[in-house]
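Just so you know, the protein sequences line up as chains A and B, in that order. Be aware that the first sequence starts at 1, since it is given in the working numbering, and climbs by one per residue. Be aware that the second sequence starts at 733, since it is given in the working numbering, and climbs by one per residue.
The reader is advised that the hints may include incorrect statements.
Some chain B residues judged to face chain A by a derived CB distance under 7 Å, without partners named [unchecked claim]:
{"hint": "1", "residue": "S920"}
{"hint": "2", "residue": "E1040"}
{"hint": "3", "residue": "G1068"}
{"hint": "4", "residue": "D1071"}
{"hint": "5", "residue": "Y1102"}
{"hint": "6", "residue": "T1104"}
{"hint": "7", "residue": "Q1106"}
{"hint": "8", "residue": "T1178"}
{"hint": "9", "residue": "T1181"}
{"hint": "10", "residue": "M1345"}
{"hint": "11", "residue": "D1348"}
{"hint": "12", "residue": "G1349"}
{"hint": "13", "residue": "I1373"}
{"hint": "14", "residue": "L1407"}
{"hint": "15", "residue": "G1408"}
Cβ-Cβ distance ranges computed for the label pairs, FRET-style [what the hints assert, rightly or not]:
{"hint": "16", "chain 1": "B", "residue 1": "E1097", "chain 2": "A", "residue 2": "D565", "range": "22 to 32 Å"}
{"hint": "17", "chain 1": "A", "residue 1": "R351", "chain 2": "B", "residue 2": "E819", "range": "22 to 32 Å"}
{"hint": "18", "chain 1": "B", "residue 1": "L1092", "chain 2": "A", "residue 2": "E132", "range": "37 to 47 Å"}
{"hint": "19", "chain 1": "A", "residue 1": "M685", "chain 2": "B", "residue 2": "R1419", "range": "40 to 50 Å"}
{"hint": "20", "chain 1": "A", "residue 1": "P437", "chain 2": "B", "residue 2": "E1436", "range": "25 to 35 Å"}
{"hint": "21", "chain 1": "A", "residue 1": "N102", "chain 2": "B", "residue 2": "A1163", "range": "46 to 56 Å"}
{"hint": "22", "chain 1": "B", "residue 1": "G1088", "chain 2": "A", "residue 2": "R145", "range": "19 to 29 Å"}
{"hint": "23", "chain 1": "A", "residue 1": "G115", "chain 2": "B", "residue 2": "E1097", "range": "25 to 35 Å"}
{"hint": "24", "chain 1": "B", "residue 1": "A1117", "chain 2": "A", "residue 2": "R36", "range": "56 to 66 Å"}
{"hint": "25", "chain 1": "A", "residue 1": "A385", "chain 2": "B", "residue 2": "R815", "range": "21 to 31 Å"}
{"hint": "26", "chain 1": "A", "residue 1": "E544", "chain 2": "B", "residue 2": "D1391", "range": "58 to 68 Å"}
{"hint": "27", "chain 1": "A", "residue 1": "R582", "chain 2": "B", "residue 2": "S1268", "range": "37 to 47 Å"}
FYI, nobody ran anything at the bench for these hints, they're computed from the structure. Just so you know, even glycine gets a beta-carbon here, dropped at the ideal spot from N, CA and C.
Number of protein chains: 2
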Amino acid sequence: MMTSDRQPGANGPVVTAPVVTATVGRERLRRLFAPRSVAIIGASDRSSWSHRIRAALVNVGYDGEIFYVNPRGGTAHGAVLHRSVGEIGQVPDLVYVMTAANASLTAISEAAQLGTKSAIILSSGFAETGPEGLAAQERIANVARRHDMAILGPNTLGFANPAQRVVLMPMQAGEELTAGAIGVVSQSGNMAVQVMNMARAFDVGLSLLASTGNELNVTATDVLDYLVADEATRVIAVFLEAVTNPPAFRAACQRARQAGKPVVVLKVGRSEAGARAALAHTGALVGDDAIVSAVLAASGVIRVDSMEDLLTTADAFVRSGPIGGRNLAVVTISGGACDLAADSADSLGLRYPPFGAATLDRLREILPAYATPQNPLDATGAAVADAPLFGAALAAVAADPAVDVTVAIGEIEHHAPDSAWGLDSITAMTAAARQAPRPVIFANTTIHTITAGARTVRHDLDVPSVFGGMDRVLAAVARIADWSAGTTLPPARLTLPTVVPRPRQLPPDLAQPRTGTWSEVATRSLLEYGGVPVVSAILARSPEEAATAAESFGTSVVVKIVSPDLMHKTEAGGVVLNRSGRAEVIEAARRVLAAATAQVPPARTDGVLVSPMRPDGHDLLVGVVRDPDWGPVLAVAMGGIWAEVLKDVSRVALPCSPDAIEAAVRALRCAPILLGARGLPGANMARLVDVIAAFADLAVSLGEDLRAIEMNPLRVTADRIEALDATVQWTG
Amino acid sequence: MMTSDRQPGANGPVVTAPVVTATVGRERLRRLFAPRSVAIIGASDRSSWSHRIRAALVNVGYDGEIFYVNPRGGTAHGAVLHRSVGEIGQVPDLVYVMTAANASLTAISEAAQLGTKSAIILSSGFAETGPEGLAAQERIANVARRHDMAILGPNTLGFANPAQRVVLMPMQAGEELTAGAIGVVSQSGNMAVQVMNMARAFDVGLSLLASTGNELNVTATDVLDYLVADEATRVIAVFLEAVTNPPAFRAACQRARQAGKPVVVLKVGRSEAGARAALAHTGALVGDDAIVSAVLAASGVIRVDSMEDLLTTADAFVRSGPIGGRNLAVVTISGGACDLAADSADSLGLRYPPFGAATLDRLREILPAYATPQNPLDATGAAVADAPLFGAALAAVAADPAVDVTVAIGEIEHHAPDSAWGLDSITAMTAAARQAPRPVIFANTTIHTITAGARTVRHDLDVPSVFGGMDRVLAAVARIADWSAGTTLPPARLTLPTVVPRPRQLPPDLAQPRTGTWSEVATRSLLEYGGVPVVSAILARSPEEAATAAESFGTSVVVKIVSPDLMHKTEAGGVVLNRSGRAEVIEAARRVLAAATAQVPPARTDGVLVSPMRPDGHDLLVGVVRDPDWGPVLAVAMGGIWAEVLKDVSRVALPCSPDAIEAAVRALRCAPILLGARGLPGANMARLVDVIAAFADLAVSLGEDLRAIEMNPLRVTADRIEALDATVQWTG
């Protein structure tokens, strides 16, 4: 059974602090993303990639030097081709490699030896194709390590840095890419292109857009960390496929949070098969994606499910900044938009506070008599004829102390100089937004492009209009309000401890090997040692001892088999409930022992466990699964049949504060029942949080040996909370 | 108490068949939407509306005659202004009125007298502004009625009919509006403009776009009905604020269904305060919006929550037609898109069937060795270099018999003649889609505009690409699969009876006035008459009679007060559970009688009701609320505390088939518990459906007198289903 070569027992494991060092530092990345000269290796008039990269650089107005390299020589793009980087005659800051995979090593090696510190490898055919490709990639990685070179890719599309006029990413013809405050990093090249497409079509400003591809040595976490320090970046959008170093990623998210920059993440892989943890119930409740979700939540990350939501949320934050609460006001000139806004708030958890008396008075002055001054507000079509009206209404609404954030819904393109509703109105609206005491943003009613004239107006006036249409913008507002609430929580709730408390010494009777699954008896000892209340129990070696034990409790009892071989006691007939009197207890003990013997092969038995019957109450399933990459996650669920049917479960990454545990309990759909709905007796929340916190602390203290530990059920009544059964499973 | 002047009792109400006549017929609308000549009334060089309407007509290539009318005379748009419609010298097919509200009557009257049969009134200032405006609108309605004139508006933005080159709706500069197969009607002018904006920006073809505004006599239902018959229209998109004639709307939806045209509806007003029905529990479970939802579902309508989803769903249907099931295949060249597609399917209820052996063999031939032939499929970047590859992979996947619908995800703009991945690939893909045995559609990965070149290619090849980005397109596929399943259901489940069965005669003892709320005793009789099983009960006039009644049951009993004044018996102390023996029953009866007397003012009592205690089981709340506009809706919910906490409720518009009732029960989240999860005894579904169907039939037979009727609880055990308590409330 013992498969681990670690010495279990008395010394306990030492939990190390998360690794926080990024693979490639910020300074190296600063050079990568702002090269003063670029060599395009594999340049050719016959390659559309070559044309497009060159066009991207030229179109953005890159003012550094561009060299073209191709071993075949000749010319390309009207320039003489150098046969190698060495032939250029000077050392390029960056080499952009689009030769075949096998030629890339030569090019990178040569550049590295010359002193080039940055490279992009567009080429695919590396780790993503199998072992040979991986080996080729490793060879390049060795060169990079030796020469301290930062390499984006391979299998990347490069990056765009519009503020510094460097685009090393193929671009279609179309609108310009504008500089802004959203930093984007994507592990997928195609998803980086999607961001570029949307940003250009809808005029969303980016500070940086980078795709990391195979992450030879520049990882998404490195770029995230770089963006935390980047002054132009106010919010970070991330597309993730797999995180190579979760602790470093968590640490970078933590730094982003401290810097006041939200990290918006689209993480794919929800549907990947099954959970790694095998423990029956907690494993089913905490799949791989649930672990990632819990950790991302604990890292203060905003998680979204679509590329559109990724960009809209980031864009909204650039315009809104932190939002102080969920009290929303909407101002529009369309009854239809008002109705849509009203309908969507509830499911987003946003509220429309009624306007205060001062706001109502002011609105009555401003609006036509037939308008109804209420939230959301339809300022009516009268605003189209009366240019300052909308801005005045907006100012009145945004000044209402009950309003945390105001969204003006309408079409920015209607405010072009040649439109019915002209420049005066957008000027008044923008001024109102700027002077408002709390955030005001503008959203188009639906998603669509705007006219060139409107685009110019939007830039000239710096109109705070957000990409995506009201459907996505209102959802973004809700997410930002959530994130902002997190930043103002007491530190205990916000901060992930960087050093996990050193675990207690386990007493000698718990020094059995940490392998496989422990019996209920051993698990009970572990919980008791951790200060977790467990129902009384006596281990009896014979039916007669069981009867004597039952008498000592003076109530009816539960009789359970104790066997290292039976994980599912109930299903195996190893549990008999509610027995009283010697005769009944002896019969029950014989029955559970017989059930063990009847297994094929017969289960080993260590006796029977006798516990007092407890009155009915609410049963919770409380478990911790430790993911090898992401660490321990606590799951709290309604127990028994309800857990299975309702899938009513909350998850929290550990370690966490008692506040976070309370929030997890309250987040259960069944929480009102647990806490006493309709006058029924409810659980003592403070006591429940204490018990779960003791359990969570114990789980964390078990370190990396722990695979999963669970109490099922944790019986909760008005006056008592205790584990009736428990299991622990070890990685060894 | 008697407030109704109807004669209640023995004759019972006669339920009439829904009114199915549209206000304005299809022929009238055909003329409205295709005028051969148009007079613009209020034309002026100083009016931007005037400019924009004229530009819209000219830009779309309208080839009918345009007349300009303004009482002030002079010129506009380079033409001489007629001072009145009469001065034109011929009768225009349509007058477009944009004069002030009070001048509109004159213009309409004059045109009507001349024989003009169609009008659009852009002007606002009518019913939406209050009683005076409503009166002005009524005066015009009278003219319309007298002259059989179809009037769109007032307070509308008009319509666009791109196929017949008539646009009478103000348009911004920008892309062309293309003709297609989506018919759109919106009660909101602004939402019609949103559809136009999206359709132009993303090249979505429309057959008609009409906004009905105040619906003076052309209603959204009329236009819906017109679109059902319109040959160019294959799918109908509707934005609704309030339906004026629900039965006519339902009938039009029914006809659309028969014609095989999905009706996609965005109905606002979810958040409107409260339910009209006052009955405590059912009323809370069936709010106004839930009623509309249930009726829309029964009408075979696809309901969506955003304008983007409205248009994407319609656009997807134009390209896919009916979809035979929820088995989806996705083909893309991006691992990121694959992951996103995989992640979203589960929550949409879509499945990725594994490919069959033949498909796998074929894919292995086509794809590079490092590709993994699985669903969703990443055909890898190799497809970019090898133009026919993607089309071949698409053909292989779409031919798999396990696949109901295939979505190819990628960027249409990458297939323009000048792109790396050129015209050959899109030609191969389109051919594959056309030859596939089941629907194949294309979606951009995210939403963004396409280049002019790609737009041309898309038109020339008639590429089946759908607007909206994969996030919305996959959701649309799920909706269409749902809708398609509905059309293939047996008629009993699909068809709304057009004639409701004539109600049975009520027996004399149920002939008490149908007003207010009936006592439990009367409601019990009503249920029994309807064939609904009700727990046994004896009405006792004194505590001693109650004790004798209890003896006759031979079990412990429930004692309840019978009073017309106490709707909430339990809260008032009028219910005592689980009493046995004369002494206990007498005490209980005295207690509930005393509780009634203790009310302020004292409640009238008709005695106490004695029933046998029933064993624990699952309690359902089953109720019917009758909405004055939309008719009766059945609600089935988990009873008691779970109903309140989980809000676990299903709703069905009545009348409906037993299949629909079974589907409603199975749709409860708690259904697995009710039906016996984990080996616990479950309810007999057939019996449960019989009981609920009898209850629903009874409710329908009560006609318009019924406000609400509810069984709370309906106690469900493995061997018995019966109502333990019930209430009925009348409209009178």
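Evaluated hints:
no. : hint                         : verdict
1   : S920                         : holds (3 Å)
2   : E1040                        : holds (6 Å)
3   : G1068                        : holds (3 Å)
4   : D1071                        : holds (3 Å)
5   : Y1102                        : holds (4 Å)
6   : T1104                        : violated (11 Å)
7   : Q1106                        : violated (12 Å)
8   : T1178                        : holds (4 Å)
9   : T1181                        : holds (4 Å)
10  : M1345                        : violated (18 Å)
11  : D1348                        : violated (11 Å)
12  : G1349                        : violated (14 Å)
13  : I1373                        : holds (5 Å)
14  : L1407                        : violated (10 Å)
15  : G1408                        : violated (10 Å)
16  : B:E1097 x A:D565: 22 to 32 Å : violated (50 Å)
17  : A:R351 x B:E819: 22 to 32 Å  : violated (57 Å)
18  : B:L1092 x A:E132: 37 to 47 Å : violated (24 Å)
19  : A:M685 x B:R1419: 40 to 50 Å : holds (42 Å)
20  : A:P437 x B:E1436: 25 to 35 Å : violated (53 Å)
21  : A:N102 x B:A1163: 46 to 56 Å : violated (36 Å)
22  : B:G1088 x A:R145: 19 to 29 Å : violated (47 Å)
23  : A:G115 x B:E1097: 25 to 35 Å : violated (48 Å)
24  : B:A1117 x A:R36: 56 to 66 Å  : violated (33 Å)
25  : A:A385 x B:R815: 21 to 31 Å  : holds (25 Å)
26  : A:E544 x B:D1391: 58 to 68 Å : holds (59 Å)
27  : A:R582 x B:S1268: 37 to 47 Å : holds (43 Å)
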